[in-house]
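S.K.: Here is how the chains run, residue by residue.
Number of protein chains: 2
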Amino acid sequence: MKELTIGIDIGGTNTKFGLVDREGHVHYQGNISTTEFEEFQAFFDAMAEAIRESLSNVPEDHKLVGIGVGAANGNYYKGTIERATNLKWKGVLPLAKMFTTEFHVPCILTNDANAAAVGEMIYGNAKGMKDFVMITLGTGLGSGFVTGGILLNGHHGIAGELGHTSVNPQGRYCNCGKRGCLETYVSATGIKRTVYKLLADHLEPSELRGISFEDLNTKMITEAADRGDIVAKEAFEYTGRILGMKLADTVVHTDPEAIFLFGGLAQAGHYIFKPTHYHMEQNLMPLFRGKVKILPSTMSNQAAPILGASSLVWDYLEKKEGSARLTSIQH
Amino acid sequence: MKELTIGIDIGGTNTKFGLVDREGHVHYQGNISTTEFEEFQAFFDAMAEAIRESLSNVPEDHKLVGIGVGAANGNYYKGTIERATNLKWKGVLPLAKMFTTEFHVPCILTNDANAAAVGEMIYGNAKGMKDFVMITLGTGLGSGFVTGGILLNGHHGIAGELGHTSVNPQGRYCNCGKRGCLETYVSATGIKRTVYKLLADHLEPSELRGISFEDLNTKMITEAADRGDIVAKEAFEYTGRILGMKLADTVVHTDPEAIFLFGGLAQAGHYIFKPTHYHMEQNLMPLFRGKVKILPSTMSNQAAPILGASSLVWDYLEKKEGSARLTSIQH
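Same order as they appear, the protein sequences are chains P and E.
Heads up, the first sequence is in the working numbering, so the first residue is 694 and it goes up one at a time.
Heads up, the second sequence is in the working numbering, so the first residue is 694 and it goes up one at a time.
It is worth saying that the hints were derived from the structure and are not from the lab.
There's no promise every hint is true.
Treat identical chains as interchangeable: a pair holds within one or across any two.
For lysine-lysine, the following BS3-like pairs were computed, each having C-alpha atoms within a straight-line distance of at most 25 Å [said to hold, decoys possible]: (1) 1013 <-> 890; (2) 783 <-> 926; (3) 1013 <-> 823; (4) 781 <-> 926; (5) 823 <-> 1012.
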């Protein structure tokens, strides 16, 4: 009997899902539009239908043991998505309960950065680690903490919002309503803002002067740096300096073994890792120096969000001592 | 059969110890000098002798179930005190193992702020809380985190050094070798430095102008504020503003239910709590606002360090499922 989980990643535009085994092999992958459904119930019905169809192709000796969902503003305790700004459905959406009712298996739901952290622990380079931090660098900056081998959820289920720690109270405007939040400097959007600031302040020639803010992306900045563009290189240095400084604060909070960087900005390699590590060390008290690794996530591929979501189920089942394994797939 | 623990608080000058029951009643309290012993072994022998004597007065139906020790630089995982700057014995001191060998009971050792956190959970206002932060305000600023009902120790056993998060990289010199650490602003020493800075920068009359840096203490500043002294009041406002700003960063890390303040500065009451709470809220992203309480520790009395240390044992025994309760006292 082979056990399978379903991993679902609900993004602002698309919802991806896949059937995943314990080793992280994706047996089936599909997606539906997140935006085309005006009503949440209609979205759920379409999602359930797509899942049923994917399960109909699964061999008789496979069974579904759970559903994991990663979504912005996912609440682990309640299994709900609450007031997500990237979705059109308002209020509190009881998604985990709906999936459990429909498929008769446990459904574990959390925010996407937490799902990435558990994914790294179950399938990736954090295997065997009990204390680490996952930093996801996308449009914003997300984070997930594992301490003592357990996902840190906090009292209200919203722990790990490092993107909104303060770099400078008089700094850049943030979507959250504050100013100077970390993600306004360190994220795909943050480094674009830094490039534009550098272009505004300095006279140096740069190939990035020909690209609009809307068109600019991290890959272009990385490629410009590869060609020696001084503005692109300085933008990475500045981004890494701020990330390193703030990670030093994070290290003295939870004393992790490693910090993983995930997402487009992390794929810039040494341009971001080198200044981040240097400035983290510079800002640590001596007791902590030389102890904490900064590593690229091994989950950096297209299936990562699905794997992260599916890993929530394996993590749940492994921690639930003596849990009776659940309903077989109804063919 | 009544179970007792021994709580030991090793301070730079004195080592206090006491026999404590599960309800937090201190049955016996004693202390020995920390400084008069040149050799660590001699200190340990004197400590063991004092403990044996205290146990000889305990009724037959009481038994010792464990020893808890709070000490600066205590390592929870190893049961050692490592390179403590406030003690004259150098190197790594295997104290927990020595106590276990001597008294045939488990010995749990951690740093003093962690002991205070567990003390608050076992005996104080954090009873029933699973996610909270303890901030100890003494000469420096210590902290302990409980997440999911468990003391957060971190990978190297040194989590929770909030005193060395960064307020200003070009700021005040810190004992740790860095500049601008939180404890250079927020601690008994920090507020003294703030008073002196205010006296240097401003012309306002203040009764604190007549007191030397060495003589000045938090109680004097509090009493001056009570009499309307503008410098004293501004010093609290400034201290609370910095603490509140940094606690906002802490809140988005671990999402606690409450933050407890312990120690002399916390006894200044509304002078410190009001600005701290206000500026924490101002610096939080909306999702977290109005959710986290800042409370005075209920452990603020002479026996608190002993209670904190003893609580480590109750916490250990309660988490150790099916633990065989241990050796009876040998009369």
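S.K.: What label fits residue 823 with residue 1012 when the C-alpha limit is 25 Å: within, between, both, or neither?
M.R.: Both: 13 Å inside a copy, 18 Å across copies.
S.K.: Quick one: residue 1013 to residue 823, C-alpha cut-off 25 Å, is that within a copy, between copies, both, or neither?
M.R.: both (17 Å within a copy, 19 Å between copies)
S.K.: Could you place residue 783 and residue 926 in one of the four classes (within, between, both, neither) given a Cα distance threshold of 25 Å?
M.R.: neither (42 Å within a copy, 45 Å between copies)
S.K.: When no copy is specified for residue 781 and residue 926, does a C-alpha distance of 25 Å or less occur within a copy, between copies, both, or neither?
M.R.: Cα proximity of residue 781 and residue 926: none, with 38 Å in one copy and 48 Å across.
S.K.: Taking 25 Å as the upper bound on the Cα-Cα distance, should residue 1013 and residue 890 be classified as within, between, both, or neither?
M.R.: Classified as neither: same-chain Cα gap 50 Å, cross-chain 56 Å, threshold 25 Å.
In this structure, the hints that do not hold are numbers 1, 2 and 4, in rising order.
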